[in-house]
Amino acid sequence: MMIDLAETTTGRIHEAIWQARQRLGGPASGMVLTLVIVTDETAQYDAVRAASEAAREHPMRVLAVITRRPTASSRLDAEIRVGETGPGEVVLLRMYGPLGEHADSVVTPLLMPDTPVVTWWPGIPPDLPSGSPLGALAQRRITDAAAAAEPHDCLASLAAHYRPGDTDLSWTRTTPWRTLLAAIMDQPHGTISGGTVEAEAGNPSADLIASWLSVRLGIPFATTVSGGPGITAVTFDTSEGEVSVTRPDGRVAILRRAGQPERKVALHRRDTAELLAEELRRLDPDEVYGETIAPFLSVAPAAVGGSLDGSGAAP
Amino acid sequence: MTSADTEAAAGPPADAGPDAGQQVSAGPGSLAPVITGPVANPLRDPRDRRIPRVAGPCVLVIFGVTGDLARKKLMPAIYDLANRGLLPPGFSLVGFARRDWADEDFAQVTHDAVKEHARTPFRDTVWDQLSEGVRFVPGEFTDDDAFDKLAECVASLDEERGTGGNYAFYLSVPPKFFPLVVKQLKRSGLADPPAPSAGHPVPWRRVVFEKPFGHDLASARALNETLSEVFPPHSVFRIDHYLGKETVQNILALRFANTLYEPIWNRGYVDHVQITMAEDIGIGGRAGYYDGIGAARDVIQNHLMQLLALTAMEEPVSFDADSLRAEKEKVLSAVRVPEDLALGTARGQYAAGWQGGIPVRGFLEEDGIAADSHTETYAAIKLNVDTRRWAGVPFYLRTGKRLPRRMSEIAMMFQRAPHLPFAATDTKELGQNALVIRVQPDEGVTVRFGSKVPDTAMEVRDVNMDFAYGESFTESSPEAYERLLLDVLIGDPPLFPRHREVELSWKVLDPIEEFWAEHGKPEPYPAGSAGPPSADELMRREGRAWRRL
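So the protein lines, in turn, are chains A and B. With the numbering used here, letter number 230 in the first sequence gets 230, and the count goes up by one each step, no holes. With the numbering used here, letter number 320 in the second sequence gets 320, and the count goes up by one each step, no holes.
If we strip away everything but chain A, and leave its shape as in the complex, we get (with noise of 0.2 Å):
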């Protein structure tokens, strides 16, 4: 059921929601979440669908900020989806004029009731996530360093500003290698010296893959440029020989490492609907990924400079 409301307030928005649900038979009971998306009209459509796919899983309300033409008079529209696409339900929020400065007086009585607040901005991340209205009213903050110009001062940037409860879709991008890492690590090895970890230019779940094997290996990873797609390899030089993990193709990955027969594993790239879905299956602070960005603010600091003063990765 798709409901239009033109100039409308947060008051008839509800009574439409629960209209909407009593005619489709049944309360929105099973919720268990709210999920804010930070978007503009251009991404809207992509960041939706994501969101109503990793519904699937985890039952929500999503809610959509669309901020139009700043300089009109305030005004807002809503577009309701409602049993459309799944467990969830839908609605898109446009705020013209001032309204956009105040969006959080929007969202707020749109929360449902005693359940987590989770907010994305699918596009360039904003300077202060947990300082932003629509992120202070979070407690998970989700942010895309690859949509950031300079991915590499974003995560600088992100560094500046961390506050537990951030979290990035670069680091949730990690997840597949790094679980493959970890399992390669089970198994016994040489003593590890140090190691690469290779991508295509410009790719940040790379640099947080290397920040994250020297900080738990406690010795430096660097980060080589290769022609993608994404992270084509992860090498340790141990004791024993390299031990390397290649992906040239982004689907398959080999195993190599002296003395024992050629691996392989799939190693797929997932898409923002699975991403979004890994990142709401936990709610509380990832510390891990605090540990691993930590670093970025001495590795860059000229980057850092720049976003403190709000240069680095403006939106």
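I should point out that these hints are in silico values taken from the structure, not numbers from a laboratory. Bear in mind the structure is a predicted one, so any value in this text is a computation, not a measurement. Errors might be hidden in some of the hints.
[What the hints assert, rightly or not] Taking lysine-lysine and the DSSO-like style, the derived pairs with C-alpha atoms no more than 27 Å apart in a straight line are:
1) B:LYS149 / A:LYS264
2) B:LYS115 / A:LYS264
3) B:LYS149 / B:LYS245
4) B:LYS452 / B:LYS507
5) B:LYS186 / A:LYS264
6) B:LYS211 / B:LYS186
[What the hints assert, rightly or not] Okay, the calculated bits of chain A under chain B, using three or more residues with CB under 8 Å as the criterion:
7) 5-17
8) 175-185
[What the hints assert, rightly or not] Label pairs and their calculated CB-CB ranges:
9) A:THR191 / B:ASP322: 55 to 61 Å
10) B:MET465 / A:GLY202: 38 to 44 Å
11) B:ALA545 / A:TRP18: 37 to 43 Å
12) A:TYR45 / B:MET465: 56 to 62 Å
13) A:TYR45 / B:ARG286: 50 to 56 Å
14) A:GLN139 / B:GLU152: 56 to 62 Å
15) B:GLU518 / A:ASP114: 56 to 62 Å
16) A:THR191 / B:GLU152: 49 to 55 Å
17) A:GLY190 / B:LYS186: 33 to 39 Å
18) A:TRP18 / B:ARG286: 49 to 55 Å
19) B:GLY356 / A:PRO109: 44 to 50 Å
Positions of the beta carbon are idealized from the N, C-alpha and C atoms, including for glycine.
Using the hints, position chain B against chain A.
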């Protein structure tokens, strides 16, 4: 105590079990993996819950690979694990069966089974790397040659694919073949891991088999002896596919993660407990297995007794395997059968009838069932749990085939309020409060309580409050077999019954089976009905009634 139990209580044996030192295990109730053993992997951090546990290099050998179970459950589960990135690089699957197949034929069968039954979407890349490790060895269980070929096959997989000499054997075969297969594994040397060499982990060997775990106490012990001659107890995985790990953990979470239920979870509030597993199907093509076994041995001994243990046990001191097992064993050892078995049990056999709009045959007319068979297809028993918590609270267990619908549940029926400050007519429609843990289908929890009917003077009627796992966490639950296979490959057995639990369950059931063998025969009930009249009578005598199916 048997030697099995001594080992069980001690956890991984001191003489370096197959995976000592490499094991990464998670307690059944905890969400974060806990690193144990001398070699801690710095990349694993209990706080990093995104990284799942992944099996180490290994080969899975399935006996009876042509069966329904292998096709519909095991193979799809293997694919789903691979698709979720939980199988190691080089993982290999070997099928063994009496078929004239080449590796490619078996790979094709697996491919079709996966495409049809897998839970996760089919990806060519995942399948391609999985299929490279698929092998098939034709042969009979009596054929020494075939097992020697199997040994060669897995040895060459170690060479080609680096599976490191780690083998899991899944016995998806009728129980009468268990001893034969196990002996062959011993004879061919497949069951013995090679001596450890420096710098390499000790390879492991594990064996998985499904219920029934014997048909009485004596046979369960005999089976255990056969197994323990060849495999140490921590390498033996007993699997009850009715009882997924998720379900067990859901029950544990409900009971022990909340404060709401514990105060009323005792004789002070509970009137009685009903544990039910109803099936709408008949015995189908399983006559050979089912005749002489019957509903009590097939379902009550393992499934319902495990549910009883989880419901009635005290809180374990931790959620590790041993503490959990200790509590289950304690409560199972406190279970008493009624003094008069004629009054405390009921059994039935389905007769021809209409079920769900389809005419179906009676049990005695099924192919392969003798016309005078005394095998029961419905069993109901009353049990007492002699503990301070449950004294005087009967547990009623029932199971049957050809009942109106498929469902299993644990229903805690509460005592009526000691005093109702209403006129008798006001509460005419008020029943007992109930807390129902639905195991399947539609896993969840229902609470039944009285509520005022709107706009009447004062009338109180039962209403239900419902929680469904599928509503709050859709699509997140992996199939029971996925959890199960992964646990086997990782070597994490906590929730599966050890031999002692199996023995304790048989001790409860054996006197009932003996009584039934000597007295009368099962009472017929029409297919599609809720069971024989004697089962209803069992409850009525005590002023109670079964929950409607």
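Hints, one by one, checked against the model:
no., hint, result
1, B:LYS149 / A:LYS264, "25 Å, holds"
2, B:LYS115 / A:LYS264, "21 Å, holds"
3, B:LYS149 / B:LYS245, "35 Å, violated"
4, B:LYS452 / B:LYS507, "47 Å, violated"
5, B:LYS186 / A:LYS264, "32 Å, violated"
6, B:LYS211 / B:LYS186, "22 Å, holds"
7, 5-17, "violated (count 0)"
8, 175-185, "holds (count 9)"
9, A:THR191 / B:ASP322: 55 to 61 Å, "35 Å, violated"
10, B:MET465 / A:GLY202: 38 to 44 Å, "52 Å, violated"
11, B:ALA545 / A:TRP18: 37 to 43 Å, "39 Å, holds"
12, A:TYR45 / B:MET465: 56 to 62 Å, "38 Å, violated"
13, A:TYR45 / B:ARG286: 50 to 56 Å, "52 Å, holds"
14, A:GLN139 / B:GLU152: 56 to 62 Å, "57 Å, holds"
15, B:GLU518 / A:ASP114: 56 to 62 Å, "59 Å, holds"
16, A:THR191 / B:GLU152: 49 to 55 Å, "36 Å, violated"
17, A:GLY190 / B:LYS186: 33 to 39 Å, "36 Å, holds"
18, A:TRP18 / B:ARG286: 49 to 55 Å, "51 Å, holds"
19, B:GLY356 / A:PRO109: 44 to 50 Å, "48 Å, holds"
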